[in-house]
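**Q** Single-letter residue listing:
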Amino acid sequence: MALYRSHILLGIDAETIMAGVNEVKKAIFTELENRGLDNEVKVVETGTLGIAGRGVVMVIYPEGVYYAGLTVDAIPALIEEHIVKGRTLKSHQITPPVKAQRVSLASDRRGTEIKERIVLKNVGRIDPENIQEYIAADGYEGLGKALSIQPKEVIDLIKASNLKGRGGAGFPTGLKWSFTASAKGDQKYVICNADEGEPGTFKDRLIMEGDPHKVLEGMAICGYAVGATIGIIYIRGEYALSIKNIKKAIADAKKLGLLGKNIFGSGFDFDVRVNLGAGAYVCGEETALIESIEGHRGNPRKKPPFPANAGLWQKPTNVNNVETFANIGPILLNGADWFKNFGTKDSAGTKVYTLLGHINTPGLIEVPMGITLRQIISDFGGGMLGGKKFKLAQIGGTAGGILGPDLLDVPLCYENMAEYSLVLGSGAILVMDETTDTRAILTCFLKFFKHESCGQCVPCRLGSKKMLDLSRGLENGTGKKEDLDLIIEIADSMFKASLCPLGQSPILPIKGMVKYFKDELLAKVS
Amino acid sequence: MDIKAIISKYDPPEENLIPILHDIQEATELKYLKDEDLVAVADYMNIPLSEIHGTVTFYSMFSRTPRGRHIIRVCESAPCHLMGATTIIQALEAILGIKVGETTKDKNFTLELTACLGICAVAPAMMIDSEMHGNLTLEKVKEIIDGYRKEVS
Ligand SMILES: Cc1cc2nc3c(=O)[nH]c(=O)nc-3n(C[C@H](O)[C@H](O)[C@H](O)COP(=O)(O)O)c2cc1C
Ligand code: SF4
Numbered sequence: 001m002a003l004y005r006s007h008i009l010l011g012i013d014a015e016t017i018m019a020g021v022n023e024v025k026k027a028i029f030t031e032l033e034n035r036g037l038d039n040e041v042k043v044v045e046t047g048t049l050g051i052a053g054r055g056v057v058m059v060i061y062p063e064g065v066y067y068a069g070l071t072v073d074a075i076p077a078l079i080e081e082h083i084v085k086g087r088t089l090k091s092h093q094i095t096p097p098v099k100a101q102r103v104s105l106a107s108d109r110r111g112t113e114i115k116e117r118i119v120l121k122n123v124g125r126i127d128p129e130n131i132q133e134y135i136a137a138d139g140y141e142g143l144g145k146a147l148s149i150q151p152k153e154v155i156d157l158i159k160a161s162n163l164k165g166r167g168g169a170g171f172p173t174g175l176k177w178s179f180t181a182s183a184k185g186d187q188k189y190v191i192c193n194a195d196e197g198e199p200g201t202f203k204d205r206l207i208m209e210g211d212p213h214k215v216l217e218g219m220a221i222c223g224y225a226v227g228a229t230i231g232i233i234y235i236r237g238e239y240a241l242s243i244k245n246i247k248k249a250i251a252d253a254k255k256l257g258l259l260g261k262n263i264f265g266s267g268f269d270f271d272v273r274v275n276l277g278a279g280a281y282v283c284g285e286e287t288a289l290i291e292s293i294e295g296h297r298g299n300p301r302k303k304p305p306f307p308a309n310a311g312l313w314q315k316p317t318n319v320n321n322v323e324t325f326a327n328i329g330p331i332l333l334n335g336a337d338w339f340k341n342f343g344t345k346d347s348a349g350t351k352v353y354t355l356l357g358h359i360n361t362p363g364l365i366e367v368p369m370g371i372t373l374r375q376i377i378s379d380f381g382g383g384m385l386g387g388k389k390f391k392l393a394q395i396g397g398t399a400g401g402i403l404g405p406d407l408l409d410v411p412l413c414y415e416n417m418a419e420y421s422l423v424l425g426s427g428a429i430l431v432m433d434e435t436t437d438t439r440a441i442l443t444c445f446l447k448f449f450k451h452e453s454c455g456q457c458v459p460c461r462l463g464s465k466k467m468l469d470l471s472r473g474l475e476n477g478t479g480k481k482e483d484l485d486l487i488i489e490i491a492d493s494m495f496k497a498s499l500c501p502l503g504q505s506p507i508l509p510i511k512g513m514v515k516y517f518k519d520e521l522l523a524k525v526s
Numbered sequence: 001m002d003i004k005a006i007i008s009k010y011d012p013p014e015e016n017l018i019p020i021l022h023d024i025q026e027a028t029e030l031k032y033l034k035d036e037d038l039v040a041v042a043d044y045m046n047i048p049l050s051e052i053h054g055t056v057t058f059y060s061m062f063s064r065t066p067r068g069r070h071i072i073r074v075c076e077s078a079p080c081h082l083m084g085a086t087t088i089i090q091a092l093e094a095i096l097g098i099k100v101g102e103t104t105k106d107k108n109f110t111l112e113l114t115a116c117l118g119i120c121a122v123a124p125a126m127m128i129d130s131e132m133h134g135n136l137t138l139e140k141v142k143e144i145i146d147g148y149r150k151e152v153s
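As you go down the protein sequences, you meet chains A and B in turn.
For what it's worth, my numbering labels the leading residue of the first sequence as 1, then goes sequentially.
For what it's worth, my numbering labels the leading residue of the second sequence as 1, then goes sequentially.
Think of the hints as simulated: they come from the structure by calculation, not from any bench.
Using N, Cα and C, we set each Cβ at its ideal position, and we do this for glycine too.
With a Cα cut of at most 20 Å, we get these calculated DMTMM-like pairs of lysine to aspartate or glutamate:
| # | chain 1 | residue 1 | chain 2 | residue 2 |
| --- | --- | --- | --- | --- |
| 1 | A | Lys315 | B | Glu14 |
| 2 | A | Lys42 | A | Glu80 |
| 3 | A | Lys244 | B | Asp129 |
Computed from the model, here is a short list of chain B residues facing chain A with C-beta under 10 Å:
| # | residue |
| --- | --- |
| 4 | Ile47 |
| 5 | Gly54 |
| 6 | Phe58 |
| 7 | Ser77 |
| 8 | Thr86 |
| 9 | Ala121 |
Construct the complete structure from the given sequences, taking the supplied hints into account.
**A** As structure tokens, then:
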């Protein structure tokens, strides 16, 4: 094997592709070749480096220096300075997102930080298209371990870890698996929900683009535990790169016998295939997703029966989110106690958030459960954009609750959320400053619900339209004061009478907006 | 178009109606699903035509009417809204001379709105065909569209 003196890790994700990373890559190869350095420097394409909004980004090892905003024109200078002369190219150097890589152990009260991520551990460190690199990072070892114990023991381990679903509802994962395991059926399915449509959320995309095998490993372990032989990843149609990376990962894993027939010679068969969405947010709801795989309109089903008993083709089906599956391999490998060391008593582990809006450094972070929004904004978001004042934040996507300045110090974890009318939901955090027009924001939220209602039940179909009309009236001054009460009343009826959580959720952001900004919302009407 | 060949790529086909429809639409010049294609799918897959029609009209990525060679999808969800998506939509309407939902006379562009594209850190954002564009400004939008215009002319 050739020995390289430097490694250039290029971050490849939808954003850097947009910023021209492929051209930059070509320029690097040309430059290295021209200087005869191609045997000394290895260029590795990795997934996202977790740096968003900065164009083409890379990190050069062994020095660990990060560069951003790279263009083709900058490459000769970069190679000259960094590789040849051993100095950093100051014009493009950025401070690495060190904090984003750190998760502190709750048991260590002195707050010493250890460098340990769970879900995003490999993201930005390995080449996602190279299965060998995943294997070198302990990949598929969790699966090997699972196959050496009984399925029931796997479920018990997941139960003991206290892992809760990361797709929004926070349902205990081990318990969910036990339902599917005990359901009767000649064929069972494992479905990975990668429909990720909640506005402001892109964590699942970056996990799939940056470490696709981790998701496949989690699915295979689940398949073994619940007795399923087929896994399906349902990816939203807009995620072209995720689809490509996952498809390649499946093919590579099959070649090595890590998926397919008789995995590790254990007699366990598990095959994974990819299915696509076509632009319908509601298909993220698990029963609508199943309808969609069956080729139908994505109308949610009535529950019960739950998918665990009657899911895809009416067979027992276990549905989990991408991030949930990404936690499984590490738990098998390191044990339930290790996992519970992260986070709070009732919310074990870490949470991946997407941090957006009026802050200095938007992007993806993985932090322990129980961190506060104030910490997130200052430590990870780099503070408010332009030093402006914080006005509100919405957590969990458009269906999520509203945090005003009074809730900045609430620890964010499952057990706290109900008390403050919040949800962790998809993990999107949208921060808004004092310049934000709350009337326009309310209209924007309601537009979303109107657009995404599947139209199956009356309260949601008609209610979402009426609420939007009323909100537009508040925004442009043609409405009246009573309209705000009417919006709340409609949202409340929708909460009580809608079939699925989509129709039940507008009440949460609406009540939050009214709690903080009633006067502003009514300022234009009389 | 060889619909049978597209369908036979998938196993099992009944679990892949939506990917099959994606492929057919992608292979059609004006990026839409024609009557005769739906009839053929119904025949080969043995699904009632009415059911396929129901499916097609549910999903926003499918179209039953001819569209432009390039589909522009602008994100209008909250993170993009906050960073100025409304101005970007107006700019696109002005540059293309059409409203959202319409296709230019030369059949080169269709302007649509989309749900969150998942590249919110570079909001406001849009997707043209399968390419993402972010950190949009008025100048940048003009430049991007000019680029596509050169390509098709
Ligand atoms: C309208 C709606 C949209 C949803 N979208 C998603 C989604 O994009 N991804 C996801 O994992 N879960 C989504 N969910 C939650 C799923 O129904 C389901 O609870 C989840 O996939 C279960 O996985 P978990 O237990 O790992 O969280 C959505 C739910 C609703 C009601
Ligand atoms: S609540 Fe809305 S989205 Fe859910 S089933 Fe009813 S109409 Fe469809």
